[in-house]
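Novice: So the chains spell out like this:
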Amino acid sequence: MTLLDVTSPGNVSVVLFFGTIGMLALTIGLIVFIIFHQRKVIRYQMKLQKMEQDQQKLLLNASIRLQEEERQRIAADLHDDAGPLLATARLYLNENLVNLDKTTQLQSIYNAKQIIDDTIQLIRNISHSLMPPTLKNFGLESAVNDLFQKISGSGSMNASSRFHDYRERLQAENELIIFRVIQELVNNILKHSNASFIHLTQNTSGNKFFIRLHHDGRGITQNDFIKLNKSNVGLGLKNIQSRLKVLHGKIFFEKDMSQTYYKVTIELVKEEEDKLQEQE
Amino acid sequence: MLVVTYLAYFAEILPISFYLIFLKRNRGEGLWVIFLYCVLSLLTEGLFVLIQQQLVFSGFIIVQFGLFSYYFYSTFRQKNFRYIALLGSAVFCVVAIANFSNERFTWIAESLTSILVIIYCILSLYEQIKDPETVFVYRNKKFWVTIALFIYFSSTLFLYLFSTTLSREQRHMYWAINNFFEILKNILFSVSFIIIKDHSTPATMEYIDN
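Protein chains in written order, with the working numbering: chain U, 1 to 280; chain D, 1 to 210.
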């Protein structure tokens with residue numbers, strides 16, 4: 001005897017009617033729920049996508065602004081320094097030079113030569129600031145050591161660096177990106193932290209490449225970094241972020257275990273570097 | 001009542017026609033199984049008018065379940081769901097073999113088909129909303145096939161469950177429910193055959209209604 005067999009014929013119509021209505025209501029309810037749930041998920045995805053786009057936009061703007069600032073600096077250097085120097089050299093070598101006496105002619109030529117030498121030196125400095133020759137010729141380790149020696153040499157701060165495992169050089173373009181990130185971080189420390197020392201160490205662990213910077217001044221934590229990255233200020237930090245994005249690298253800002261020093265860690269995956277190399 | 005019966009019969013032609021008209025856009029996704037089911041359903045109705053034998057319906061129920069099982073088995077992406085479809089088929093085979101000589105076979109087989117297809121539909125819908133590639137679920141052909149079967153079988157489940165306890169007059173009266181949802185099912189199948197496949201992905205999607 002089944003449940004259906006014991007249902008009295010009078011009740012059958014009621015059960016059938018309500019059963020069918022109930023099943024239909026459940027089915028339609030489920031379908032409506034699925035459609036609304038899916039729309040909700042899509043909206044959430046869109047929101048995430050928009051946030052990511054905004055972040056990308058901020059990074060791009062920061063990068064463009066920084067590029068413009070760099071161009072302005074180079075333009076100013078050329079206009080304010082190289083321009084007047086070359087104009088002065090031109091004055092010494094004007095058309096009247098042939099009418100002057102021999103001693104004055106020689107003096108003018110000597111002065112013009114001196115000015116042209118100064119101009120050559122100036123242009124070399126500009127060129128070096130764009131692409132450090134040490135980095136190009138001897139690699140990241142030498143370029144960083146050079147940079148830190150210069151900072152130490154100025155006497156304002158004690159700066160030291162140590163590369164523990166850098167037998168194989170990274171790709172030249174990637175070395176430049178890392179060097180620029182280090183430069184930006186060091187610049188920030190020099191400008192804002194009031195630190196008395198900076199120490200940089202390089203390590204590798206498995207396929208990961210680490211660069212750590214310690215300093216004893218005022219620094220920022222990861223939360224501050226995220227906030228600054230989302231705001232319209234912190235151009236340098238956005239620039240760091242966009243540069244590291246190219247290398248699929250990560251950066252962490254934190255206080256060290258002793259809570260005395262600030263620590264910045266740059267983490268790169270060596271495989272990513274190899275992939276980028278293969279793509280090129 | 002008679003009008004609804006005729007409408008239900010002729011509604012079977014709708015999805016067949018639309019499948020053949022939009023043959024190009026209905027390739028893949030196992031839609032041929034649904035097309036085959038529609039053709040068989042139409043032929044069975046016609047054959048039953050001529051032969052008037054219960055065996056025709058019994059045979060159709062077995063083939064119908066086989067087609068739906070194959071459709072869901074081939075469209076499920078998750079292995080576990082495929083196993084459930086196989087298990088459901090095994091259960092159906094055991095029950096069908098055990099009750100084939102039983103005079104209540106049609107009732108048992110149709111009820112079991114309804115329950116199993118409802119389960120498959122729920123699993124299929126779950127899989128569709130979990131699929132990250134699906135942007136709008138209702139732009140998916142599979143979605144319309146699933147809801148057609150889901151609505152049809154859940155609405156007629158009680159009708160089949162109680163069909164043996166109903167008197168001839170009652171059965172005749174309540175059969176309108178089956179006819180009405182048969183029409184709805186065929187309309188939804190037609191929608192599935194008419195709509196164009198959705199190729200948009202969340203990354204390229206630029207808008208959404210609020």
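Hints may contain errors.
[Claimed, not checked] Straight line, CA to CA, 20 Å or less: simulated PhoX-like cross-link-like pairs of lysine-lysine:
id, chain 1, residue 1, chain 2, residue 2
1, U, LYS227, U, LYS270
2, U, LYS245, U, LYS270
3, U, LYS40, D, LYS130
4, U, LYS57, U, LYS47
5, U, LYS230, U, LYS245
6, D, LYS197, U, LYS47
Read the hints as simulated data drawn from the structure, not as lab findings.
Novice: For every hint, state whether the structure bears it out.
Specialist: We went through each hint and held it up to the structure:
1. With a C-alpha separation of about 29 Å, the suggested pair LYS227 of chain U and LYS270 of chain U falls outside the 20 Å cut-off, and the hint is violated.
2. A C-alpha spacing of about 14 Å is found between LYS245 of chain U and LYS270 of chain U, which places the hinted pair at or below 20 Å, so the restraint holds.
3. Straight-line distance between C-alpha atoms of LYS40 of chain U and LYS130 of chain D comes to about 13 Å, which keeps the hinted pair within the 20 Å bound.
4. For the given pair, LYS57 of chain U sits about 15 Å from LYS47 of chain U by alpha-carbon distance, which is consistent with the 20 Å threshold.
5. Only pairs whose Cα atoms come within 20 Å are accepted, and LYS230 of chain U paired with LYS245 of chain U is accepted, the gap being roughly 15 Å.
6. This hinted pair does not check out: LYS197 of chain D and LYS47 of chain U have alpha carbons roughly 25 Å apart, beyond 20 Å.
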